[in-house]
Amino acid sequence: MSSPALGEFLRSRGVTRRDFLRFCASTTAAMGLPASLVPRVAAALEQARRPSVIWLPFQECTGCTESITRAHGATIESLIFEAISLDYQHTLQAAAGDAAERVREQAMKDNWGKYLLIVDGSIPTGNPGYSTIAGHDNRSILEEAAKGAAAIVALGSCAAFGGIPGAAPNPTGAVAVSAIVKDKPIVNVSGCPPIPVVITGVLTQYLTFGKVPELDALGRPKAFYGQTIHDRCYRRPFYERGQFADSFDDDGARQGWCLYKLGCKGPTTYNACATVKWNNGTSFPIEAGHGCIGCAEPGFWDKGGFYQPLSTGRWGNARTVGTAIGVGAALGVASAAIARKRQRAAEGG
Amino acid sequence: MSLLEFARGPALQWSITIFIVGVLWRLLGVFLLRTKKDLSEPRNPAAWKGLRLIALRSWPRREFLEGTAFGEVMGYAFHVGFLVSLFFFTPHVLFFADVARGLFGTDLRGLIGVGWPTLPNGIITLLSAVAIAALVAVLIHRFVNPVKRLISNFDDYFSWFVTIAPLATGMAAFSHLAGWPYERLLAFHLLSVELLLVWFPFGKLMHAFTIFAARGATGMIFERRGASL
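Sequence order for the protein chains is S and P. Residue numbers for the first sequence follow my numbering, so the first one is 3 and each next one is one higher. Residue numbers for the second sequence follow my numbering, so the first one is 4 and each next one is one higher.
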């Protein structure tokens with residue numbers, strides 16, 4: 003490729019050496035790497051060539067694209083993101099229709115086996131006509147593009163786990179990328195949407211080391227998904243002390259107490275929101291006064307109400323309990339009747 | 004379906020159902036038995052006064068203290084720790100409130116007129132640890148004491164296991180033991196609670212429902228016969 007090295011590209015965009023090293027240090031820390039690796043990260047990024055990236059949006063809401071491309075404005079993270087050679091993204095690119103598809107095919111051909119494939123949105127496996135691009139169904143596009151990819155980033159909970167399109171009753175038969183592609187390394191960057199810094203962190207690690215980062219059991223980068231929201235929540239001390247908000251406008255809520263009773267899913271949600279935060283590190287949902295809805299976890303849409311506390315809502319209902327009481331009472335009366343009969347027989351009358 | 008979803012959904016619902024059916028089956032099966040008519044002249048017609056045996060037997064008698072002190076202390080340590088952890092830990096209280104809302108259309112405050120306080124996690128952790136320590140101590144005592152060892156059977160050991168398991172897994176989940184994922188530890192905790200619920204009606208744990216009725220009935224018989232309580 004004749005594209006400039008990343009360092010050269012960033013300098014041409016007015017990024018100072020100090021800013022670049024600051025970015026390298028913070029990204030290295032965010033990835034959970036030792037500080038001693040900052041020079042290596044910086045050197046690798048400095049020399050890295052812009053990798054070809056093909057981004058396939060399927061059944062999605064464009065929230066992931068919004069998150070990555072707009073949330074941080076013109077920060078160095080977005081410049082890094084711009085520094086990749088984004089050869090296909092039909093939401094962002096000017097070309098459309100056959101012209102756009104030819105660009106994708108050409109980029110795939112030129113970089114076969116080397117390009118990074120980003121997928122956002124789930125893939126419908128029901129009627130192929132549920133979601134098509136230029137007359138091709140999502141599944142066949144994904145299968146074709148995955149063959150030549152070096153690695154795949156499943157961006158957002160839809161691509162990573164099926165997300166909202168895959169929620170019950172899942173009318174389109176929506177599935178995650180990992181349900182279709184089995185022979186390529188897949189990095190799940192879940193979240194609805196995912197945190198911008200997480201995707202730039204994954205890209206940085208890929209550019210630096212040429213391989214995907216260490217992943218958890220759900221295929222997510224451990225550096226960002228290694229701890230729960232609850233683990234790192236600044237409201238955790240209130241949880242420990244048993245101080246909870248009972249409603250969104252009570253005194254506890256005003257004092258910033260724990261939102262567990264209001265349905266916060268932080269204890270079972272792995273993501274970096276509490277540390278990396280959103281909107282250029284401004285805050286995250288809990289800091290804004292709303293509980294975590296667990297959007298980075300599989301099936302988050304079908305795990306009960308967002309405002310139901312984690313320990314509630316699954317025990318059954320009055321009907322099942324009533325039935326159990328009826329059955330238990332009937333069994334008890336019947337067994338007592340049999341026992342009384344035996345008692346009488348034993349007493350001779 | 005993940006392990007946690009299984010534990011929070013079908014496993015929980017089935018275990019609650021089995022618990023209710025089993026408890027009612029056993030309670031009614033006992034309470035509806037025919038009691039043999041006592042034809043003797045009552046020495047004390049106010050037999051109901053014998054109900055005070057429920058309280059009297061809940062406290063050690065001085066003359067037997069030497070032999071019963073260990074069991075009494077450990078028994079109280081375990082039961083207080085277990086019951087406080089069960090009924091005053093915030094997630095548990097929310098669960099019971101949710102059950103009350105589902106059954107009666109109102110939460111606990113609407114049902115009993117007062118709110119149900121929750122305790123800080125530090126106190127719950129301490130009392131859970133005390134309960135676990137007491138259970139371990141009584142198990143060792145059961146092994147060491149030749150008489151207790153002789154009269155112990157599977158029911159004793161399994162009931163011990165299903166009782167300590169929710170406490171141990173609950174503390175493990177709370178403390179993220181060994182760096183395991185919280186949801187896996189939480190699933191183990193729920194499954195251990197469900198095992199307890201399923202076993203409860205069919206083993207010696209059923210004493211929780213029968214002990215006070217049994218003491219009351221015994222006290223009334225003793226009172227009627229003029230025995231000293």
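Simulated from the structure, these hints should not be mistaken for laboratory data. Please note that a few of the clues may not be correct.
Claimed, not checked - With a cut-off of at most 27 Å between alpha-carbon atoms, the simulated BS3-like pairs for lysine-lysine come out as follows:
#1 S:K184 x S:K111
#2 S:K343 x P:K151
#3 S:K224 x S:K213
#4 P:K39 x S:K343
#5 S:K224 x S:K149
#6 S:K343 x P:K40
#7 P:K151 x P:K207
#8 S:K279 x S:K224
#9 S:K186 x S:K149
Since the model is a prediction, treat every value here as computed from it, not as a measurement.
Now for the hints, and whether the structure bears them out:
| no. | hint | verdict |
| --- | --- | --- |
| 1 | S:K184 x S:K111 | 21 Å, holds |
| 2 | S:K343 x P:K151 | 36 Å, violated |
| 3 | S:K224 x S:K213 | 14 Å, holds |
| 4 | P:K39 x S:K343 | 13 Å, holds |
| 5 | S:K224 x S:K149 | 26 Å, holds |
| 6 | S:K343 x P:K40 | 16 Å, holds |
| 7 | P:K151 x P:K207 | 15 Å, holds |
| 8 | S:K279 x S:K224 | 17 Å, holds |
| 9 | S:K186 x S:K149 | 8 Å, holds |
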